[in-house]
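Enquirer: Please build the complete structure, drawing on both the sequences and the hints.
Residues per chain are reported as follows:
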Amino acid sequence: MADPLESGDDIFDRLKKGVDPKLQREKTRLANERDLAQFEKAQRRLGELIQDNSTLPTTISSIRILNATNTRRGFLNRIFNPIVSANQDRPYTLAEAIREVSVGADKLHKLDIFHEPISLFIDRPAQTDASTTPTDVDIFLSVVEKSRFKFKTGTDIGNAEGSAYVHGLARNIFGGAESLNINASFGTRTRSAYQASFETPILSNPNLRWELGGLASSTQKPWSSHEEVLKGGWMKLRWMTLGGGRHELGYNGVWRQITGLASNASPSVRGDAGDSVKSSLMHTWVKDRRDSPQLPTKGYLNKSTLELAGWGPLQGDVAFGKAEVEAQGAIPVPIPGIQGESGVSLTTGLRAGLLYPLPLGTESDSKPSRINDRFQLGGPTDVRGFRLSGLGPRDGSDALGGDIYAAASANLLFPLPCVGKDKPFRFQIFANGGRLLALKTTDEGGAEGEKVRQSLSSTMAELGNGLPSMAAGFGLVYAHPVARFELNFSLPLVLRRGEDGRKGLQFGIGINML
Amino acid sequence: MPQDADATSEERPYPSPPKIQVRQTSRQWFTTPQPIRRLFDKFPLRTYPVNELPQRSPQNRERHALWVFTTNTGAQLGAPSFNPGCLKWQAYMIFKGIDFVTISSNNHASPTGALPFLLPASSPKLLGEAALPVPSNRIERWIREKEKNQHAGTSALTKQNSAMSESSDMRYEAYMSLLNYRVRNAYLYSLYLSPPNFASIVLPLYINPSTSNTLTRLALSHQLRSAAETELLKQSPIIDVEAIYRDCDRAMESLSELLGDDEFFFGKGTPELFDASVFAYTHVLLDEDLDWQHTRLRDGLEQYSNLVEHQKRIAEDWFGARGVRKESKSREGLK
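In order, the protein sequence lines correspond to chains X and W.
According to my numbering, the first sequence is numbered sequentially starting from 2.
According to my numbering, the second sequence is numbered sequentially starting from 696.
Mixed in with the good hints, there may be bad ones.
Partial selection, computed: residues in chain W whose CB lies under 8 Å from chain X [unchecked claim]:
| id | residue |
| --- | --- |
| 1 | Phe-738 |
| 2 | Asn-746 |
| 3 | His-803 |
| 4 | Asn-903 |
| 5 | Gln-988 |
| 6 | Arg-991 |
The set of hints was computed from the structure by calculation and includes no laboratory data.
Owing to the predicted nature of the structure, the values given are computational and were not obtained by experimental measurement.
Backbone N, C-alpha and C fix where the C-beta goes; we use that ideal spot for every residue, glycine too.
Expert: Structural data, given as structure tokens:
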């Protein structure tokens, strides 16, 4: 017989030692596997059951949404009425009925007013009810509405900027998935920004939305020695096409004020100081087929933005047509000797833009562009190895921006040893470059339109003159779900005199990096 | 070595020996080792000539530029500004024989938040090192220093003495304050707070050129009016219109007495800063190009014929062709 004391000691020892982590892990793994197998089996059985009955004639006699107390009936009717069999000219099979209902449930989910998951129940009405037919089913969708009001305060630290914000969201205001977003933030660079926007789906369609918004902000622009104060509003229609493209068509009206000039601001910036109103139509198209927006390993992104300001009936103080395109592609690079995905990938990006001056309203002459309409290029989120707005024409220390630009980059990403390819860390080697040019002044006379075309073509020619301004380097990438963080070491290879290259380390945070 | 010039520093000399010295001593602990620095110095591998400036950038910087409130054509002709604060310095610089151009601008461009300011000429070779702007309150000193540099020796001394004697004159200070408070208050009231003048002068000259948008114009009008109001309320707790006009009338009377039959104030043979200050108001009030609807100030001024003569003399003699254009028009207007 064992000594009770001794055995007691043994228990305490064992308790003290804790559970063997290896054993524990193994246990959890087995349990998980068992659960998974069971779940799979259940799914398969359900699938088989539906499969066996997939051609069973079914009529949906009613669809009930449970617990949607704050949502208008008419709004939901528009989604589900067309599905109900009374509105169909032929009966469903069971599979079709389930598919139709889940399409409706998917719409509900996209409206962002219900918690996930939305549960679906199918019931057969009592056969004793004389008004039913044997094929009738009743559908129940049980939802939990998200809270109608959300309020958040916090602080952010971003690209050399710290800020504090207040964010309020009111959901489903009128029971039709309308939302009101209110934002206020105060920071070191964006001194203050207030923004409010109201958004509503049109005809209960989550893929077709209308938005109305307004903003008032004041932003420091140290790269060109001024502060820009904006007050304005916009109206937007957003829709999605079947191919997965997202479109946005909107009108913007903004009162811009260039003010608060630094004491050493250049004459060019002083000349552009003051008020101007931009009244413009804008269209954006995005097709994002990347596997991850922050750290893509395969797929592509295409984006185009078109803006027409001040032309004809648009009025305002500035008139131009502006076009910008962006393309990004990523391909996995196989490494010989490594099975499956190596985690090494190559991403390339290209951006280009053009600002074409137009005659304002009914005037016959077009006016040259202003600093707040021109493009800026350079910095850790586009052409790395340059300071923020480090490329393009400069007057003294001020980046004046340009009317035409093109930039490209190639990044080769490797997983870090010891960390692995599944973690969002990568080591990168990159080379990128670009040109940012202002439209040339032409001395030749002639019709106004002809003059602009001439200066455009000579500026285009300049774009290909010599090597683009370039930098190359290497660094670390961390892809947070919200933004991408990079710490790079780089050296400028080619510069224009006056352009602000950065030798050494550079830190960047961006949502959309070149 | 890395060019670490930050954008906010006032001056950015290109790497010069003293600067490097400073960096070395202040950053002793993180100094990059010599071989690495030599490697860094090799980059960029290739440097092309500078990018061209955008079309709107001022191209000609070899002449001094006075940034004032004026119309675009007025700026080309060098016509008198319609803003007394700007016209004062414009006239003074003309009196001093300084060669300059006027540029049409607005208060946002100014380092002090109010026009005028002077942007001294910069030589074309040093495009990167534009001269710092001279705000209006330092224009006098800038001119004095410029004169001192130009003719070193006795002539500069006498000139400086004359300037000194003028500003040390007690009477000068007293009369200057008449202009800066009494006349200015009446001018502010009459221009900004009398609706007919606001509509006929402020709207077309100050507001409409900055934007074509009606809402923005309304907002700017409101800002201007409330700024004028707060300015007036700084000096008295209420705005007593009659008192403001009465004070201005008395001020003009004293100025008229001070001028007497002389050509210029204080019996000088050439106009000085005080003449420029008086001319700035009298010209804006008498200029027939400005459509004063509420003419109380102008009517008051026209009673003092010597002040009117003084304005005409300066406009014709010093603004030359630019003034004559006004005169021919004013005669038409008088018919």
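Enquirer: Now, for every hint given, state plainly whether the structure supports it.
Expert: Hints, one by one, checked against the model:
no. : hint    : result
1   : Phe-738 : holds, 4 Å
2   : Asn-746 : holds, 4 Å
3   : His-803 : holds, 4 Å
4   : Asn-903 : violated, 11 Å
5   : Gln-988 : violated, 25 Å
6   : Arg-991 : violated, 31 Å
Checked against the numbered hints above, the structure breaks hints 4, 5, 6 and satisfies the rest.
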